[in-house]
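Visitor: Chain order of the listed sequences is A and B. Everything in the first sequence is counted per this note's numbering, starting at 75 for the first residue and increasing by one. Everything in the second sequence is counted per this note's numbering, starting at 4 for the first residue and increasing by one.
None of these hints come from the bench; they were simulated from the model. Be aware that a few hints might be false.
[What the hints assert, rightly or not] Per the computed footprint, the stretches of chain A lying under chain B, defined by three or more beta-carbons under 8 Å from a beta-carbon of chain B, are:
1) 405-419
2) 690-697
3) 765-775
Using N, Cα and C, we set each Cβ at its ideal position, and we do this for glycine too.
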Amino acid sequence: MAQRKSKSGPSKSDREFVSEAEEILEVMRSDIADLGDQRDRGGEIDPDLVNRLFRSAHSLKALAGLFRFDPIQDLAHRLEDILDGLRLGRVATDDLVMGLIDDSTQMFATLLGHIGDSDAMEHLSEAITSLTHRIENATREPEPRDEEFDSLRLDPSLLRALTEYEEHRLRENIRRGRCIALVSATFEIISFEEGLSELSQAIRDTGEVLSTLPTPGETPESQINFSLLVATEFSPEELASRIDFPTASVESVLDPSPAPTTQPPPAATPARAEAPAQAEAPPEPEISVEIAESEEGLHEGDLERAPGGVQIESLKSISETVRVDIRKLDDLMNLVGELVIQRGAMGELISQLSLSASASRLGNEFAKVHKALDRKLRELQSAVLEVRMVPLRQVFEKVSRVVRRLRRDLAKDVRLDIRGADTELDKLIVESLVDPLMHVVRNSLDHAIEASEERIAAGKSVVGCISIEAFQRGNHVVIAVKDDGRGIDLAALRARAEAAGLVSPGEALTEKESLDLIFAPGVSTREEVTETSGRGVGMDVVRSNLTALGGVVEVESIAGRGTTISMTLPITLAIIQSLIVRVGNQRFAVPLNAVMETLMIDVSEIQHSEGRELLNLRGDAIQVRRLEQLFDLPSVAPNQKPYVIVIGMGDQRVGLLVDRLESQQDTVIKPIQGPISAVRGIAGATDLGDQMPVLVLDVSALVEDAVRRREAA
Amino acid sequence: MGSGSETSSWKELARAAAVVEDASAASEALRQLLMFSIADTPYAVPVESVREIVRIRPITPIPRVSQCVRGVISLRGEVLQVIDLRVRLDLPRAEVTRATRIIVISVREGSLAGLLVDAVTQVLRVPESALMPQAGSETDAVEALCVRGKQFVSLINLERILDVVSDH
Numbered sequence: 075m076a077q078r079k080s081k082s083g084p085s086k087s088d089r090e091f092v093s094e095a096e097e098i099l100e101v102m103r104s105d106i107a108d109l110g111d112q113r114d115r116g117g118e119i120d121p122d123l124v125n126r127l128f129r130s131a132h133s134l135k136a137l138a139g140l141f142r143f144d145p146i147q148d149l150a151h152r153l154e155d156i157l158d159g160l161r162l163g164r165v166a167t168d169d170l171v172m173g174l175i176d177d178s179t180q181m182f183a184t185l186l187g188h189i190g191d192s193d194a195m196e197h198l199s200e201a202i203t204s205l206t207h208r209i210e211n212a213t214r215e216p217e218p219r220d221e222e223f224d225s226l227r228l229d230p231s232l233l234r235a236l237t238e239y240e241e242h243r244l245r246e247n248i249r250r251g252r253c254i255a256l257v258s259a260t261f262e263i264i265s266f267e268e269g270l271s272e273l274s275q276a277i278r279d280t281g282e283v284l285s286t287l288p289t290p291g292e293t294p295e296s297q298i299n300f301s302l303l304v305a306t307e308f309s310p311e312e313l314a315s316r317i318d319f320p321t322a323s324v325e326s327v328l329d330p331s332p333a334p335t336t337q338p339p340p341a342a343t344p345a346r347a348e349a350p351a352q353a354e355a356p357p358e359p360e361i362s363v364e365i366a367e368s369e370e371g372l373h374e375g376d377l378e379r380a381p382g383g384v385q386i387e388s389l390k391s392i393s394e395t396v397r398v399d400i401r402k403l404d405d406l407m408n409l410v411g412e413l414v415i416q417r418g419a420m421g422e423l424i425s426q427l428s429l430s431a432s433a434s435r436l437g438n439e440f441a442k443v444h445k446a447l448d449r450k451l452r453e454l455q456s457a458v459l460e461v462r463m464v465p466l467r468q469v470f471e472k473v474s475r476v477v478r479r480l481r482r483d484l485a486k487d488v489r490l491d492i493r494g495a496d497t498e499l500d501k502l503i504v505e506s507l508v509d510p511l512m513h514v515v516r517n518s519l520d521h522a523i524e525a526s527e528e529r530i531a532a533g534k535s536v537v538g539c540i541s542i543e544a545f546q547r548g549n550h551v552v553i554a555v556k557d558d559g560r561g562i563d564l565a566a567l568r569a570r571a572e573a574a575g576l577v578s579p580g581e582a583l584t585e586k587e588s589l590d591l592i593f594a595p596g597v598s599t600r601e602e603v604t605e606t607s608g609r610g611v612g613m614d615v616v617r618s619n620l621t622a623l624g625g626v627v628e629v630e631s632i633a634g635r636g637t638t639i640s641m642t643l644p645i646t647l648a649i650i651q652s653l654i655v656r657v658g659n660q661r662f663a664v665p666l667n668a669v670m671e672t673l674m675i676d677v678s679e680i681q682h683s684e685g686r687e688l689l690n691l692r693g694d695a696i697q698v699r700r701l702e703q704l705f706d707l708p709s710v711a712p713n714q715k716p717y718v719i720v721i722g723m724g725d726q727r728v729g730l731l732v733d734r735l736e737s738q739q740d741t742v743i744k745p746i747q748g749p750i751s752a753v754r755g756i757a758g759a760t761d762l763g764d765q766m767p768v769l770v771l772d773v774s775a776l777v778e779d780a781v782r783r784r785e786a787a
Numbered sequence: 004m005g006s007g008s009e010t011s012s013w014k015e016l017a018r019a020a021a022v023v024e025d026a027s028a029a030s031e032a033l034r035q036l037l038m039f040s041i042a043d044t045p046y047a048v049p050v051e052s053v054r055e056i057v058r059i060r061p062i063t064p065i066p067r068v069s070q071c072v073r074g075v076i077s078l079r080g081e082v083l084q085v086i087d088l089r090v091r092l093d094l095p096r097a098e099v100t101r102a103t104r105i106i107v108i109s110v111r112e113g114s115l116a117g118l119l120v121d122a123v124t125q126v127l128r129v130p131e132s133a134l135m136p137q138a139g140s141e142t143d144a145v146e147a148l149c150v151r152g153k154q155f156v157s158l159i160n161l162e163r164i165l166d167v168v169s170d171h
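So that you can see chain A by itself, here it is in the shape it has in the complex (with noise of 0.2 Å):
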């Protein structure tokens, strides 16, 4: 059989790839966030943190080496270069070097994000080449020194045996002063790993061992000696009582030295109180650093030390969780979601059951039985979105990451603050949430958040605040984006909308009216197209994302002050109450939880105005509109006694005009698949059991088509 080379993405063993390296990747940028803090704090860099990172991308390497992904691989290999320079004390943690990383992290997930699509990678190749030789410039080995080591007592062919990492940490050590010493012990040869071990533990809790070298010497044939190079703030006769190992003998080779030559004052306190500061040394943080012998995995004592107070969670979280592909979270959920079907055709037939006379105390087994599958059935579905919620934090933590790189590219001091993020969301939601949320936050720290000297002469402080904040209200999760900046230019953004013809001069608007603008396509408040945050496209894509996720996104600012944008959620799109109604021969479904009321009328409490339809709902002129209308229905019989549904999203209400009220069930939204990607109005459809779909209101959007003052005819 033919195949014709399909473009058509990813096949299983891509996706595994994709899986496993985008763990590597987390991990990484979770690092490396920790190193930029390091960094930016000033104090020393953790060289578990570099060498851990080193440690990913070489299993990032060998991943892509054993996927055959030629172009992953490389680019790894280059990363794996740059942070053994790092680990090496080769390059400096400076900005050029920090954005290599930065760049290629990017650059990783772009090209996961297309592994299965030829050209995409194809067009990729030339990012990745001009990559590779900024990287490659970047990292060009200086000149060996040699004479450093001179002055060290110690045996040049131990010297030698050195490898470049060793040296590099004895290097750093004898630049900080410390006493450099030779313990030597020897072991029985049956049992010297535990000896050694102990040996070595011991040191650790003094120093820093740097090398462990086997050395030859007169020793009986059974025995094995052992010599380790040692860098510690003790001098040799303290180190030697406090590891207190008899049979070690320990031998200074270089004496410590006075005040260390660079390095900033730090200000973080020492982890051991007792540690003996230099006479003249300013005090450092301490840093006790295992070398790690083998290549794989931490060793406990890794996570609790760590300086300047820098956590490293990471490899908590992993080892508490498993890793589920999404796919089969769905698959999950839609098997719920068909039990929940045909328990509402279940619950249909049993009321009919206990209605028949003869059957009616089988009926009522029955029903009990149903009662009981109910409760257990509705426990399963809590149970299993449960599963499908993750917190916040991993899109807040990309978010971050893109503002720490913006605030260079821009040249602002901007602060921000992230609350709630452990506030949980389904899945899908929160993947589908890092587009706005980041182009949200990208616009203030673009339009709104002013150039310090602005900031200064508003009287504000120079440093500007962005604070993201997430939190639960009811069945809905709100993320609400808020900075102190310059708030939202009323008239320009007036002026931007009439010159664009969505409002026509002289037109009154009110201030919600007016701040509502900046959602409008084809409007945007700066002159000039910024590279971070382009045009005003972003708004109104932004609030139709939102929308389809079945949220609604608000504004408010205040000029001078700034502004607040919120987006409020759903917590689940999964499984919701919905009414289910009947216009002439069709069946809608309206979500409940946007059902304020509902009420049966009389069609001649309908009044009319401006050429719409009005109720008077307790006072309050709500306006009606016609499903049949709305959606160009095959036209209806006159219906004397309609129901009027009151729909409300914010603070706007709309009551709906429809014919009958069916049932309330429980309802699983599916997307509508095919060609026309979505149908204004429509959220999607659900199957009541009898498999013919019944379409699911998008109670947002026609709210939002009522009051809108331009509507299409």
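Given chain A, work out where chain B should sit, using these hints.
Guide: Frame of chain A, contents of chain B only:
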């Protein structure tokens, strides 16, 4: 043709009715095409795109979309749009009969769509050489003509069929 079950997998159809059109084409690559008829005219789609074939079932109309989209159906939990090929090919509408079928195809990015056809006939195996590419046909929907004895079977260009629909 037509099993008694609710849905007949295209694989079964292929097995039951595959016909090797050209024995001499051993060295040439063979295409497998699912053949169906609309208004007594034979058409085909590539078998790789076909997910399954189902009997006609209730179709819920979607408001405010092009006439080409008859509506949506529910298929084992998934909801997909059904395209009325008659409308798409500018042919007059017809009544649904017992032979009417919906061919479920897989479109870009893994989502599904249904094609409403009068009847599904068989699976053809033809060498690439039996296909004559067409450019600029009336409705742009046919990408090649397949010679089959005295008949021409029109091979539908799925991408174009679906693209135009979304522009309506």
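Visitor: Does each hint hold? Answer for all of them.
Guide: Evaluation of the provided hints:
no.	hint	in the structure
1	405-419	holds (count 3)
2	690-697	violated (count 0)
3	765-775	holds (count 5)
Violated hint for the displayed structure: number 2, the only one.
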